[in-house]
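Quick mapping for you: the protein sequence lines, in order, are chains W and U. The working numbering numbers the first residue of the first sequence as 1 and each following residue consecutively. The working numbering numbers the first residue of the second sequence as 1 and each following residue consecutively.
Hints were generated in silico from the structure; no laboratory data involved. Among the hints, a few may not be true.
If several chains are the same, the list does not tell them apart, and a pair holds so long as it fits within one copy or across any two.
[Said to hold, decoys possible] Derived DSSO-like pairs: lysine-lysine, alpha-carbon spacing no greater than 27 Å straight-line:
1) K94 x K22
2) K65 x K22
3) K55 x K65
4) K94 x K55
5) K55 x K6
6) K65 x K94
7) K94 x K49
Values in this document were obtained by computation on a predicted structure and should not be read as measured data.
Protein chains: 2
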Amino acid sequence: MSACEKAFNALGDPTRRMIFEKLRDRPLAVVDIADGLPVSRPAVSQHLKVLREAKLISIHRNGTKNICQIDREGVLAMRNYLDKFWDDALAAFKLTAEQTEKEKNKKS
Amino acid sequence: MSACEKAFNALGDPTRRMIFEKLRDRPLAVVDIADGLPVSRPAVSQHLKVLREAKLISIHRNGTKNICQIDREGVLAMRNYLDKFWDDALAAFKLTAEQTEKEKNKKS
DNA sequence: CTTAATGGTAAGTATTTGCTTACCGTAAGT
DNA sequence: ACTTACGGTAAGCAAATACTTACCATTAAG
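Please model the entire structure based on the sequences and the hints provided.
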């Protein structure tokens, strides 16, 4: 499974998106992430694992706290994927447009 | 549910990602999308509905065929979301970096 | 008119997966 | 040394969802 696939998988869940957005503004400890969310702390732990494996966040220990923060690798991987996807789709679209144009000219 | 959330939800499924990528190169009829995929045609129909509601694809009839193609609206919505997300995250990071710098100066 | 091709929908099943409780380990404070 | 705070993991459960088969509607072709 590619890095990008894991990232899309990870952000496919609304609770993980909430966590992801909470971390946008600042790094947070696990307990602070769980605070305010509608799920228990262990649930958050499980989500964090998924986000980390997708390289959307990174985690480092600080004393007894696990500080989580956005990892650029996963975010940029998704961005690049969508950029390239759109470029390719556009190129393919133009190509088929040209071909249908040729077909028209042939007939006339 | 915002347009972008639906899009992330939709691309959270591997089969839907396969369909999405198949349509990158050219528009296809439903039966052509199903061909080669490891799931039945009705399953594909259901996935197409989800992708369409996420504005990732558009569908138009042509005779008895339903032609599916990439919809720029959903793709660009995701791209813009990630762009803005990354910009905001970067700005927040710089802000906290400055603040910790100030803290250091205060102490020394 | 009949037949074939395309494909949407419904009902049911099965798998996935998100969540909880319970438990344990580690690190810091008293 | 005891206690408190933090947090990962396991087991079990419940809800979501992906898939299949069966059926029906529409359109084109013979």
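Verification of the hints:
| no. | hint | in the structure |
| --- | --- | --- |
| 1 | K94 x K22 | between (40 Å within a copy, 17 Å between copies) |
| 2 | K65 x K22 | within (17 Å within a copy, 44 Å between copies) |
| 3 | K55 x K65 | within (20 Å within a copy, 41 Å between copies) |
| 4 | K94 x K55 | between (35 Å within a copy, 21 Å between copies) |
| 5 | K55 x K6 | both (8 Å within a copy, 22 Å between copies) |
| 6 | K65 x K94 | between (53 Å within a copy, 22 Å between copies) |
| 7 | K94 x K49 | between (42 Å within a copy, 26 Å between copies) |
When held up to the earlier numbered hints, the structure conflicts with none and fits them all.
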